[in-house]
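Peer 1: Going down the list, the protein sequences come from chains S and Z.
The working numbering puts the first sequence at residues 1292 to 1503.
The working numbering puts the second sequence at residues 13 to 253.
Keep in mind the hints are simulated off the structure, nothing from the lab.
Among the hints, a few may not be true.
[To be verified] Just a sample of chain Z residues kept apart from chain S, beta carbon distances all over 10 Å, derived: (1) HIS18; (2) ASP21; (3) ALA27; (4) SER55; (5) PRO73; (6) SER159.
[Unchecked claim] Straight-line Cα separation of at most 35 Å, DSBU-like style, residue types lysine-lysine; simulated pairs: (7) LYS77(Z) x LYS1357(S); (8) LYS1456(S) x LYS1474(S); (9) LYS1357(S) x LYS216(Z); (10) LYS1488(S) x LYS1458(S); (11) LYS77(Z) x LYS1367(S); (12) LYS1305(S) x LYS77(Z); (13) LYS1434(S) x LYS1474(S); (14) LYS1474(S) x LYS1367(S); (15) LYS1293(S) x LYS216(Z); (16) LYS1488(S) x LYS1456(S).
[Claimed, not checked] Quick list of the computed label-pair ranges, beta carbon to beta carbon: (17) HIS1300(S) x SER204(Z): 40 to 46 Å; (18) HIS1451(S) x GLY219(Z): 48 to 54 Å; (19) GLY219(Z) x SER1295(S): 51 to 57 Å.
Every value quoted in this text rests on a predicted model; they were computed, and no experiment measured them.
Just so it is clear, CB atoms sit at the ideal spot from N, CA and C, and this is done for glycine as well.
Take a look at the letters that make up each chain.
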Amino acid sequence: MKSSTEYAHYDDEKLISLIVQMQEGALTQLYERYSRVIFSLALAIVNDQATAEEVTLDVFLRVWQKAASYRAEQAKVSTWLTHIARHHAIDVLRRRAARPDQYAVNLDDTTFNGEFSEQDPQEFAELSMMRERVHAALAKLPKDQKQTLVLAYFGGYTQHQIAEKLKQPIGTVKTRLRLALQKLREFLREEQEIEDKSVEAASAYNITKEER
Amino acid sequence: MSDEAHVLDLLPAYAIGGLDANEARLVEEHLLSCWICRAELASFQDVVGQLSLAVPAAVPPADLKDRLLQRVQTARSPQPISVPHSERSWLERLLPVWGLASFALIILLGVFNLSLWQRLNHLEFFTAPGGMRAVPLSSPEAAPGASGFVLISADGDEGALVVDGLPPLGESQQYQVWLLRDGQRTSGAVFSTDENSYGGTRIKVSGSLLEYSGVSITVEPFGGSSQPTGTNVLGGLLFNP
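Kindly produce the complete structure, drawing on both the sequences and the hints.
Peer 2: Quick look at the structure:
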């Protein structure tokens, strides 16, 4: 049997392939990596601690049972997990007919509600950087595009439903949603490039320093 | 191919699940044969995936991991029969629709044995001895976690479908199988799934299944529709057009 340290060295796709082989250690490792992200997302959507816990459990149980349906060529493991979590959380709201008209989710809120002592410091730092990158990109979006994005992402509303809710022409909503995602993609790429250049500059500086 | 022929403008909304059923189906059918749009979609899905990081960060309770492992233990506890329940369901549904007369199917069952479902899920495309093909289906935005495959006999005259992860619909709806050829959709079967979200059916179309390029499954009113009207929940490329 592999130790937890061994699983920690595997990438996400390898963990999925081991989960297909029913290795609980691989599932535990995947849980360690993504439970915070999944739980945070579920909590933001359902706005209830107990329901968010159930959604999180269901997501990982589903991974345990359906890992073989994961297609690496279609999406990264993290994208697959958040996709399942988001849909499941929205389904819970739909079943309860409890989707709010307005979302209290504040995408500009970067506060951290809880302990992170168990998390690997490097993973925590990387996650923090990714969070900052997403917030920086979102901050550049016009308010109306962000509002449309929030309703589609957290509420699971279609463009037509959003148009009805906001009393806006469907064409306007379509344009806002398309532009919002196109801009986000562009902004995230820019943020990534800035980050990559900083890392390159830092490592070049360190090499120069060592050579002196 | 011109931009008009692609569905590039619809991809951002598709990635976030914002399209209506008709638009989503249009996108999914196009994606079956367009790698350019598939790559574009992947980049938007990545962006949508990153939105999960925009919410305030919270930490699940410490005991949640133990609760998960308890459920895993329950889920993997031994079944009264040595064949896992999911595969029994699979066989129970597949065998009546196809019949044991198919020698190729017997070979397939023998080859894959107990881990049939999981192994089939790993296949990109499989041709069994005797020429029978197993084509895996993938789930679009509307049904994450759903999976299935189509079995087609060597001569293309017989086809069967088995799905997993498609929840049972209400009394007023059923799933319907569509075969795609030259942009036209032909109904292949109407079926329901059980309480375990498993289902299967024989696929019947005029002519050989080898003449069709793709397959999709939609949610339709009970008894089926003449043309698809509902959400697309599974799809796949049968053969290269």
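Peer 1: All hints are to be evaluated individually against the structure, with a verdict given for each.
Peer 2: Each hint, compared with the structure:
Every C-beta of chain S lies more than 10 Å from that of HIS18(Z), the closest at about 14 Å, which supports listing it as non-interface. With a cut of 10 Å on Cβ distances, ASP21(Z) falls inside the contact zone with chain S, its closest approach being about 6 Å. Its closest Cβ contact with chain S, about 7 Å, brings ALA27(Z) to no more than 10 Å, contrary to its assignment away from the interface. Not every Cβ of chain S is farther than 10 Å from the Cβ of SER55(Z); the closest lies at roughly 6 Å, contradicting the non-interface assignment.
Residue-level check failed: PRO73(Z) sits 7 Å from the nearest beta carbon of chain S, not beyond 10 Å. Not every beta carbon of chain S lies more than 10 Å from that of SER159(Z), the smallest distance being close to 4 Å; the non-interface claim is violated. Restraint check for LYS77(Z) and LYS1357(S): satisfied, since their Cα atoms lie roughly 19 Å apart, inside the 35 Å limit. Of the supplied pair hints, the one linking LYS1456(S) and LYS1474(S) holds, its CA atoms being roughly 24 Å apart against a limit of 35 Å.
A hinted pair counts as satisfied when its Cα atoms are at most 35 Å apart, and LYS1357(S) with LYS216(Z) qualifies at roughly 29 Å. Between the alpha carbons of LYS1488(S) and LYS1458(S) the distance comes to roughly 44 Å, so the proposed pair goes past 35 Å and is violated. At roughly 23 Å between alpha-carbon atoms, LYS77(Z) and LYS1367(S) fall within 35 Å of each other, so this suggested pair holds. At most 35 Å may separate the alpha-carbon atoms for a hinted pair to count; LYS1305(S) and LYS77(Z) meet this at roughly 21 Å.
Of the pairs offered as hints, the one joining LYS1434(S) and LYS1474(S) holds, with about 13 Å between alpha carbons and a cut-off of 35 Å not exceeded. Taking the CA atoms of LYS1474(S) and LYS1367(S), the gap is near 21 Å; set against the 35 Å cutoff, the hint holds. Distance hint between LYS1293(S) and LYS216(Z) is unfulfilled; the C-alpha atoms sit about 48 Å from each other, more than 35 Å. For the hint linking LYS1488(S) to LYS1456(S), the alpha-carbon distance of about 43 Å lies beyond 35 Å, and the restraint is violated.
Look at HIS1300(S) against SER204(Z): about 45 Å separates their beta carbons, and that is inside 40 to 46 Å. At roughly 37 Å, the beta-carbon separation of HIS1451(S) and GLY219(Z) lies outside the given 48 to 54 Å, and the hint is violated. The hinted range of 51 to 57 Å is satisfied by GLY219(Z) and SER1295(S), whose Cβ atoms lie roughly 56 Å apart.
In this structure, the earlier hints numbered 2, 3, 4, 5, 6, 10, 15, 16, 18 are contradicted, and the remaining ones agree with it.
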